[in-house]
Amino acid sequence: MAEVARVAPVARAARVVLARLGGAAFVLWMVATLTFFAVRLIPGDPAEAILGGPGSQTSPEALAAVRAEYGLDQPVLVQYLAQLGRLITGDLGRSYALNQDVAPLLIGQLGGTLLLAVLALGVAWLLALGLATWSSRGGRVAWTVGSGLEIVAAALPHFWLATALIVLFSVWLGWLPPISTPGAAGLVLPVLTLAVPLAGFLGQIMRESLLTALESPFVLSARARGESELGVRWVHAIRHASLPAISLSGWAFGSLISGAVVVETIFARPGLGRTLLNAVTVRDVPVVVGAVLIVAVGYILMTLLTDLAQRIADPRLRAR
Amino acid sequence: MSDETDVGVPGAASVTGAGEGPGGVAAGVAPAVRVRNLVVGFGPKDGADPVLNGVSFEVAPGECLAIVGESGSGKSVTARSLLGLAGDNAWVRADELSLAGSDVQNLSEAQWRRRRGRDVGLVVQDALVSLDPLRPVGREIADSLRLHTRLDAAARHTRVLEALERVGLPDAGNAMRKRSGELSGGQRQRALIAAAIALDPPLLIADEPTTALDVTVQAQILDLLATLKRAGTGILLISHDLAVVGRIADRIAVLCDGRIVEQGPADEVLTRPRHPVTRTMIAAIPVDKPRGLRLNPRAAEPVLPSLSYQSGVAPGSSPDDCDRDTSPTTVLEAIGLVKRFTRPDGSEQLAVDSVSFRLERGTTLGIVGESGSGKTTSARLALALTRPDAGEVRVLGQAFSAVPEKERRALRPHLGAVYQDALSSFDPRLSVEQVLRDAVAGGARRTGRVGASAGAADRLRVLGLLEAVGLPQGLLGRRPLSLSGGQRQRVSIARALASGPQILICDEPVSSLDVTVQAQVLDLLDELQRNLGLSLLFISHDLGVIQHVSDQVAVMLDGRIVETGATARVFAAPEHPYTQALLGAVPRIGF
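In order, the protein sequence lines correspond to chains A and B.
Residues 1 to 320 (my numbering) are what the first sequence spells out, left to right.
Residues 1 to 591 (my numbering) are what the second sequence spells out, left to right.
FYI, nobody ran anything at the bench for these hints, they're computed from the structure.
The structure displayed is predicted, hence computed values, not measured ones.
Take these hints with a grain of salt, some might be off.
Which residues of chain A face chain B? A few of them, derived with a C-beta cut under 10 Å, are [to be verified]:
| hint | residue |
| --- | --- |
| 1 | Arg223 |
| 2 | Val235 |
| 3 | Leu243 |
| 4 | Pro244 |
| 5 | Thr306 |
Here a beta-carbon is modelled for each residue, glycine too, at the ideal position from N, C-alpha and C.
Please put together the full structure from these sequences, using the hints given.
Here it is in structure tokens:
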């Protein structure tokens, strides 16, 4: 009997997926367009950048040759369409500065940044959950302390926190390397730098909804059944408290990638963020566009994952 | 507080033993609960006035004691004290407080947890939020078994099915996998009761178990509680409504300001009430009370005839004042209204299906129906807040729903609206005075009266409005949150009157109020109607209220009006089977 009933939901799910894919394609197109024109707006000659920057002595012939090679002598619209055509076939072009294909270059950098962001998100969730649960149990003092910690953490800028962590753990205590070495030890400080401000932010949201859940009638019912304080939190309240934080995690992932630009630079850690920063500095247009597109794809995927996680955590959404 | 013990509680074996058959409770030996001289307060011990002050009662197995009182009388605190859940800053003292024959004073939190669910079960109002909306109800019911027994998952599953079947939930196997939001109001209340009786506790505390339910569902739930009672469970029923508890209570205790003012056998309390508080509560029940009879005899002062707030606007007070030569007798007319809504899954729902009615000048038309019958949509259509898919609404003989909002605006001052949830219809940051001044100024703008002199005139009219709804001037500076439910509803009536309307559309105006407060608000509406010549479209799920206030009544079912006629005729000789079923379910006191 369930077979008949499932046909409609499957068709509906297919429609939803198609709509999502269409939306994603639109977003990627907009991102490619905006970055293409934004980079063109930076003053200076791209051909000069290709040949070593404005300071280098280049002959007009060499410049003309480079312009012809990269299609820079074409009208802007033609350049734009040519680039879109290449992007559709998956060709991100050649880096001006590094003289390498962009796609393999960026994909090689992607793993390190993803690892950093995912770990940071996980650690932020653990910290936020722990703090919210603890501070909702310990009465007024714990509540004030928890809330204060979260506000301070959420307000910490990455560059300051990174420096403070290096001074504390590398310079004074000598426990961890000040620059990101390969291996687990090298990851600790970068991950903490990204996780702590995010944890403060998530914790604030969780604690509010945790409080609401703990005062709700279903928690009274659970207590009246003999559920313990720990059980009330674990079985009922945490799940309710997580819902708004889950929906914000997609956004949080985006902020982690932008945070990675700072963190990878400070800890001298190879990754997408640092590559992006370098590319912007030398006006390496194909790398910038490619990196931004990859970040956009990651952001879209993360939003989809967030939606999925929300549906798992909140069965009420599945009915829609 | 430590959490060292959660599951595998000692003594669980005896619990499973007791669960074999409901008749196996040690009947007659120990009362399910006995309370002597219970005192409960909040804050510093012996500091403030206690909320409960010397309450004594007991409930035997197979007996139902109803504790009845208005909100704030201490009913819910009593219930929670019996579970050791009075609150973190509460203190509880009693000469005796025992559950199932054993003393529960000075229990540690861990000891309390072993009692809750096993010796006493709790059912509270509105299972939509009293069952975790994220979890299947079967899991919620199984929790009691998980916490108090060593049964494995399969055995718990069987017991959950048994519990659901005991509470009369059809298709229990399917129902246990649903969440509270997927069940109807009656089904979820049954599931909540199943969770409370899963371990067959000798005492079941039901705190306003039917307040959020439709009248037919309410009757079913009360019947279910009566069945449990006959099977040997002691029931402590807590309610504000004497008519409701009259259906199943053996004894009634009336609670007022933390004291029991009267306690005795149910028929005696209901038919020969001794205490004035009880008499007021009985007088407040609107069922079978003729129209115009005051429900609240204590405050019988009439509304002052000098309705000063009317000055400055076209008064609706007398029919001749309309700016037309021949004032029509039908002030509001709905002709063949249809409204469809699209459900989230794409299918269509006919919320209102060819609904027609006429509201005659100076009379009250009552629309009654259960939730989802299309009452509120009808009200919104009548106010032209929702556009009908077919049909039209005419106000004072003129086209209303069919013309653009710009033309409707001239007619809007003739319509006032009062909603169920007064609190959320106010901006919480505005004071009562600001709320009323805005309403008055809205009327003034429409009549083109501006300038400095308007301020003083507005002030006078605000005071006049307050007087008309029986509120003291001292409330002007208060914000809606700090008002009582009855006061808020009075303010919202005053707001509705500010434009000097001839028609008042009231959508469930008293359903969130206690019976005694409801009586005062109904009396007020009746007085206002007579003094101002108002015509009322009165929407309610409560047949007793509708019977009391209406001249004409329309019964709605699934978006259609199934029966309509003079109130006396419909209530005396209902023709439609649905009306007959509704009337059969109305709780009333058998005099």
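Evaluation of the provided hints:
1. Checking Arg223 of chain A against chain B: minimum C-beta separation of about 6 Å stays under 10 Å; hint holds.
2. Hint status for Val235 of chain A: holds, given a least beta-carbon distance of 7 Å to chain B, under 10 Å.
3. With its C-beta approaching chain B no nearer than about 8 Å, Leu243 of chain A sits inside the 10 Å limit, and its interface hint holds.
4. For Pro244 of chain A, the interface hint is violated, since its Cβ never comes within 10 Å of a Cβ in chain B; the closest pair sits about 13 Å apart.
5. Here the hint on Thr306 of chain A is broken, as its CB sits about 17 Å from the closest CB of chain B, past 10 Å.
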